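**Q** Chains A and B, in that order, give the protein sequences.
The first sequence: position 65 = 65 (the working numbering), numbered continuously.
The second sequence: position 159 = 360 (the working numbering), numbered continuously.
Don't read these hints as lab results, they were simulated from the structure.
What you are looking at is a predicted structure, and each value in this text was computed from that prediction instead of being measured.
Incomplete in silico selection of chain A near chain B, CB under 10 Å:
(1) THR72
(2) ALA91
(3) MET116
(4) ILE119
(5) ILE174
(6) ASP187
(7) ILE193
Capping the alpha-carbon separation at 25 Å, the derived lysine-lysine pairs in BS3-like fashion look like this:
(8) LYS252/B to LYS124/A
(9) LYS124/A to LYS21/A
(10) LYS184/A to LYS252/B
Simulated restraints, written as ranges between beta carbons of each label pair:
(11) GLY274/B to PRO168/A: 17 to 25 Å
(12) THR354/B to LEU74/A: 14 to 22 Å
(13) LEU167/A to PRO310/B: 28 to 36 Å
(14) GLY274/B to VAL27/A: 27 to 35 Å
Ideal Cβ positions, reconstructed from N, Cα and C, are used throughout, including at glycine.
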Amino acid sequence: MLTSLYVEGQSWFHRVPVRLKLAALIVLSVALFATNAPLLLLPAFLLCGALYLSLGMSARQAFSRVGFVLFTILVLAGINLFLVPLPQVVALILRLTTLVLFAAAVTATTTIGAFMDEITILLKPLERVGLLRAADVSLALGLVLRFVPDIFARYQAISEAHRARGLPIRPMTIIGPLIILTLKDADTIAAAIDARGFRRQ
Amino acid sequence: MNTRDLVLIALFAAIVVVLGLIPPITLGFIPVPITAQSMGVMLAGCIIGAKRGALSFLLFILLVAIGLPVLSGGRGGLAVFAGPSGGFILGWAVAAYVTGLIAERFVHPGNSEARQFVGFFLASLIGGIVVLYAIGVPWLSAVTGTPLMTAATGSLVFIPGDLLKVAIATLAARAVYAGYPLLPARA
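So that you can see chain A by itself, here it is in the shape it has in the complex (with noise of 0.2 Å):
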């Protein structure tokens, strides 16, 4: 139900560390914001949706995870038409292109377990000053994504009960069971996991 967008592949941004490829984002991100100059912002464009579309996807594949964002960037550069001069507009829409395809193309060439390997380092810092723990978001990240078929299992029950009743399924009727019932399982859940000491509290 939940397969990530990590895509498999061998391309040389797959073997590029998680913690350099965030590093490139935020200053990319930086620097696309510091320019103006199409002369800057073409190649950076170009560049990353090469980039974006070497790392082994089909060009549908490629185009349906980024088309909603590039639709509203269109959308916007529309209305921008009226509002700012020319220039400017072909500067927005390089520099949010071209921002989104390298974020995209991060998100596909790092798995899961790498992100959370990352995070886990970041969190360090607030674990020593006893804010939080890093073991408990990879624990809350684990129960989520353990949860969510369960939850939707249920969605569908409570929607089956609706249409066997003949009632019509509105969301109303149906978000209030759904979350009762399933945060009525939380007891039982955190019994289990202290139960079996994963906390070590």
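Based on the hints, put chain B in the right spot on chain A.
**A** Same frame as chain A, now just chain B:
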């Protein structure tokens, strides 16, 4: 934070993911589809309170960032934050927090039913619309260079749908509060 709070945070994030899988409803008179997912902000604050609600959304944002397609329509990944509406996604955590603060303040077990409805309504409205747009719109304007006023006026298209979400969230939050109250801030 005890284990139960941790589990509640995770389960609520999972509920928000599921809300994104529910097919959107299109109303004849509003051009924008209503996805159940953005209602999650209001629900999180009203049902599990400020702190747990906000953490639940931070967890959800983390899921988006590490490349899981948990946003409605199977969207996800870092590209969403790089796009123009990234501020709305990041604003969800703050919006859930404010919703929770107001709900915790105004809704008490002893209140009349009507008073509880009003409390949840105000919490969802201020947290889920006012605060969220106060973060999302200036962000969009800054990122795209669209003048702030135009961005704000353009967002008005989404307000009718959001008001409908406030109404549904109010009813659902009060139903959960009556059946299984979690709001009393224990976190």
